[in-house]
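S.K.: Now that you have both chains on their own, put them together as the hints suggest.
Each protein sequence line maps, in turn, to chains A and B.
Numbering that gives the first Met the number 0 numbers the first residue of the first sequence as 0 and each following residue consecutively.
Numbering that gives the first Met the number 0 numbers the first residue of the second sequence as 0 and each following residue consecutively.
Derived pair list, reagent style DSS-like, types lysine-lysine, alpha-carbon separation capped at 27 Å:
#, chain 1, residue 1, chain 2, residue 2
1, A, 1, B, 130
2, A, 11, A, 1
3, B, 130, B, 83
4, B, 83, A, 1
5, A, 11, B, 83
6, B, 130, A, 11
7, B, 72, B, 83
8, A, 1, A, 251
9, A, 251, B, 83
10, A, 251, B, 72
Label pairs and their in silico Cβ distance ranges:
#, chain 1, residue 1, chain 2, residue 2, range
11, B, 183, A, 121, 31 to 37 Å
12, A, 18, B, 178, 45 to 51 Å
13, B, 69, A, 144, 50 to 56 Å
14, B, 181, A, 194, 46 to 52 Å
15, A, 204, B, 183, 53 to 59 Å
16, B, 128, A, 157, 50 to 56 Å
17, A, 204, B, 170, 55 to 61 Å
18, A, 250, B, 246, 52 to 58 Å
19, A, 18, B, 69, 39 to 45 Å
20, B, 125, A, 10, 23 to 29 Å
Treat the hints as calculated values from the structure; they're not laboratory data.
Computed from a predicted structure; not experimentally measured.
The beta carbon of each residue, even a glycine, is placed where N, CA and C say it ideally should be.
Residue-level listing of the chains:
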Amino acid sequence: MKKDLSSLWSRKGIRALLVLVPLFLAVIVPIVYFTAISLVPIAPGARVPEGIWALLPEYEGKLAYRQAWMEAFTTLLCPMLFLCVPLLTGAVSAACAFIGEKEEGTLETLMLSSMNARSIFSAKIGCCVMLSVFLSLMAFAAFFLTVTVADVLTGAPFFLRIDWLITLFPLTPVMSLFSVVFISLIITRVHSTGEAMQTLGYLILPIVVVYLVQFTGVFRLHWAVLLVLAAALGAVSVILYNISAQNFQPEKLFVQEAGDSVYES
Amino acid sequence: MDAITAFGLTKQYAGRTVLQGLNLQVQQGSAMACAGWENSGKTTLIRLLSGLCRPTAGECAVLGMSPAFETAKLHARLGVVLDKAPLYSAMTLGENLRFFAGIHNMDGNDSLERSSFLLHRLGIWEYRDEKAGALPTGVARRASLARALMHSPRVLLMDEAARGLDAETAEIVQDLLAYLVREEGIALLLGTRNMQYAQRVCDSFSLMQAGVLIARGSLESLRQGAGVRFRAALRLGEGEGTLPGFHLEDGLWQKEIDSENEMPAIIAQAVGQGKSLYEAKLIRPTLDEIYRACLAGGRRREMAYEQGTQRQEDKAAGEETPADGAESGTEQPGEPRGEE
Numbered sequence: 000m001k002k003d004l005s006s007l008w009s010r011k012g013i014r015a016l017l018v019l020v021p022l023f024l025a026v027i028v029p030i031v032y033f034t035a036i037s038l039v040p041i042a043p044g045a046r047v048p049e050g051i052w053a054l055l056p057e058y059e060g061k062l063a064y065r066q067a068w069m070e071a072f073t074t075l076l077c078p079m080l081f082l083c084v085p086l087l088t089g090a091v092s093a094a095c096a097f098i099g100e101k102e103e104g105t106l107e108t109l110m111l112s113s114m115n116a117r118s119i120f121s122a123k124i125g126c127c128v129m130l131s132v133f134l135s136l137m138a139f140a141a142f143f144l145t146v147t148v149a150d151v152l153t154g155a156p157f158f159l160r161i162d163w164l165i166t167l168f169p170l171t172p173v174m175s176l177f178s179v180v181f182i183s184l185i186i187t188r189v190h191s192t193g194e195a196m197q198t199l200g201y202l203i204l205p206i207v208v209v210y211l212v213q214f215t216g217v218f219r220l221h222w223a224v225l226l227v228l229a230a231a232l233g234a235v236s237v238i239l240y241n242i243s244a245q246n247f248q249p250e251k252l253f254v255q256e257a258g259d260s261v262y263e264s
Numbered sequence: 000m001d002a003i004t005a006f007g008l009t010k011q012y013a014g015r016t017v018l019q020g021l022n023l024q025v026q027q028g029s030a031m032a033c034a035g036w037e038n039s040g041k042t043t044l045i046r047l048l049s050g051l052c053r054p055t056a057g058e059c060a061v062l063g064m065s066p067a068f069e070t071a072k073l074h075a076r077l078g079v080v081l082d083k084a085p086l087y088s089a090m091t092l093g094e095n096l097r098f099f100a101g102i103h104n105m106d107g108n109d110s111l112e113r114s115s116f117l118l119h120r121l122g123i124w125e126y127r128d129e130k131a132g133a134l135p136t137g138v139a140r141r142a143s144l145a146r147a148l149m150h151s152p153r154v155l156l157m158d159e160a161a162r163g164l165d166a167e168t169a170e171i172v173q174d175l176l177a178y179l180v181r182e183e184g185i186a187l188l189l190g191t192r193n194m195q196y197a198q199r200v201c202d203s204f205s206l207m208q209a210g211v212l213i214a215r216g217s218l219e220s221l222r223q224g225a226g227v228r229f230r231a232a233l234r235l236g237e238g239e240g241t242l243p244g245f246h247l248e249d250g251l252w253q254k255e256i257d258s259e260n261e262m263p264a265i266i267a268q269a270v271g272q273g274k275s276l277y278e279a280k281l282i283r284p285t286l287d288e289i290y291r292a293c294l295a296g297g298r299r300r301e302m303a304y305e306q307g308t309q310r311q312e313d314k315a316a317g318e319e320t321p322a323d324g325a326e327s328g329t330e331q332p333g334e335p336r337g338e339e
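Bound conformation, chain B alone (with noise of 0.2 Å):
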């Protein structure tokens, strides 16, 4: 079963459209990252699923319910951590944890036992003592993510999950997002701009620009759909020549190829023309990358359609029109590519 769906999901404040048409499937037990530049659209998504404000248009469920009419029970069984949604400032950690817990009816024990855990496994265990308001960045972050698991939710929405955080503690709180999903069994909904960190914690995209959604899918399908290919790199010794169709970038001789299984005959092709071979890799491109690549390809695809429909008013009105290798003015842009 689908843990969260939206179908068609529009959002409008004042008459400016921020979010477009939005199709979305989240199964249990799977991570999928909602992954953009500024002003896409993800933390509508996020507040439109968890009941914060209703849809202008289209629908959405999670877990089977609706968020705008269903908020209350809905969110017995949904974590959701906001970019800012501090805990209350006067009261210490284990405190906020107790009351928030006490708001889900949760017994004393299960309240203790489940605070510990999370707290352990956030790595802020020694916090627990001190007042919300004074933690530091990182542990409000973290905190806010307890919190938010404390219920035991079977979905989480996390609105940019890695924000004020290092790379340990990226980690620390990556790796127990990997574990809810694992062994919880949880639906992670997770919506970000560090490409980066989406890349590593979830298995799936969609990716966001403009309110609209752009290409989703796993990150070999999108690669295959934005036309991103991988790169062949190799070290070679200093003054071994160049090698034909590869360049020279960072220290590494490269090339585009197009599937991993060249890479034997790549290194076989160095190692027959007698180079002194020290390092071969196979380079995937990141999500970041492939996020460009759909950006730029609906950029091209905007661009020959307004020239198609140039060309077209020309025609009509009886004017030459100079050859060109432009698309032709048929398709529409931000059609989503690479879905599974």
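So that you can see chain A by itself, here it is in the shape it has in the complex (with noise of 0.2 Å):
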């Protein structure tokens, strides 16, 4: 584990993606918004939308334009950017840790080691989904002081509520673990980092969808919800892992390459 933490942080590129993409969506776009909204003209008889009340009925009536709206981005959407964080980090450190080593040939060499198969992928999966889990900390963390700060600028109520707090701890692992093992699921499919990272589309689009669908009004990501959303995902997350193990064989893994330069000589 600390071999792959070390080569996965010694890696410019992969680093600046571990702690850019984070800090862009945790922290640069709350900061840009909250700006925008504190600064935008508000034009004589604005009101808020009847669509967001209805997404927020126990603030209606209560809270002001710019406020109304600063809970509504860290109600409804900020979830969702945050969520991208364990998803983005575990698919990464996954597609460095597992596709990675398999181009650059060293999980050949640590396949004939006296380390067995499934020692070897579980400790690449604890070492990916703790990265991941760090930087979402660190991505909360980050995220928390600076919508704190825009809460008691603007006197909006503060966000961190009981959906937060799910969203925070049960899901936000879940996550990082199913991207993990998405990503090492494909590891006898896919040829290069490049072309796993591409899977992240199938990773994100489903997050951008359901809480973009809220609102439409069809439904309100209730932190029940997101409570069974944590468990069924955990649930699944569990099954690809038994089965990726399973995949993780010397005999699949490097007899999958075309022509003859891996078996002949």
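M.R.: In structure tokens form, the structure reads like this:
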């Protein structure tokens, strides 16, 4: 695990991706939004759309225009931005730890050691999940500071409530695990780290769709729904983990290469 | 006890047979080369014995363990150097060796001592603090060998040991391998297309072609089985005329002989004829020459088999068959020759 962590961190491009993208999602985007909402002049008679109050019934009539838009952003959109962080950091670290190592040829060298394939697999999964969770917590800490300052300045209600706590604690680690396991599952099908990272779209798109659909008024992501989602995703992750572990065998990992270069000299 | 055994070992990939019915035994404290040109199945054999893939048919065992089912346990006593098995490029050479030593549960002192010994023997001690990704090719190859030997394995499998090495560094590797076989008693199986290197490093050989074992044994038994003869070579003075039975090649008068015991008589004959003899040597066939002879012999048997089959078909159809000197069509091509 230590070797994988230092290997991930030593690559400048990967390090930049793991730091800058969470920073952008958790800090830059909120700052830009808060700045805009604070500075944009409000037209006389402007009203918050009824659809927003439908999604925030507990605040209807209690918040000013800017405060309402702040609350809508932190309650309805920021969780979506934040959940992209464990997905992205998990997928990137797994792509490097699994496919990157296979690309470099060192995975085969590792398979020649006295560690069995399952141990190697578990160690890599553990390393990637730990790194992803750590980066997600750091991103949340930065987000917390940013949004708390914004809430104080605008007088909006404090954002941290039960749905955020559930987003942070069961859902974030499960998202990390799911994205890491998902990437490890495709190790026999992709040939490069870049190709693996292209599958990020499959992971992020459902999150974006679910949160944006909220705005149609069809449903509101209640904290109980988030809890059920975390449990379901956790169960799926465990199943995928076992499937992926069974496929993590040298015969399947290295013989998929095209041509004679793998097994003939 | 045989360190490596294989019986009827066969491997197919997507319907293509890359190794067919291989039988092999390598004893502890010996070095065997699996030599052959491209696509002969050497790499596949190494991968089967190291547990990186499973046989389609047949069985193999290394130190009494199944590579397919006892892989981790076997790897604790097996060292494998693949043609492409790089170290971690972001770590230094020393860090790589310590990392792999840690995986094999070696303690710090043993790890330092062993890595120091190997790096000095391989002549790469001064590269211990360099990043593995920045090492020159020859150093990287030796570093891979050091990695495979860190845990003092009882068996070493090497695929293309000499690739990327110049003559001097190839000799360094050869010396270390000889030391390991002689002093540490390891069993070495070397897969290589470099016949010259195989001949220098190993004392027994399995010659392979297109996934089939075509000959097996010591150099002498292979030579006898392939029908390749020695050559007596004499360097005479200029204008000394010819020697009966000899032909001039590369400035030397050469003649094929059956045994080195004929040399004294040949030298005596040349001197007796009043020739000025400056040099006399016995040229032993190389492994490469023996391999080519085995291949040629195999092709001749295949052609004879095909012609013999054709003659039988023609006879059955009532056609006349031309008389020729071809061998009968009852022999099967590919039988290993020259076994001890």
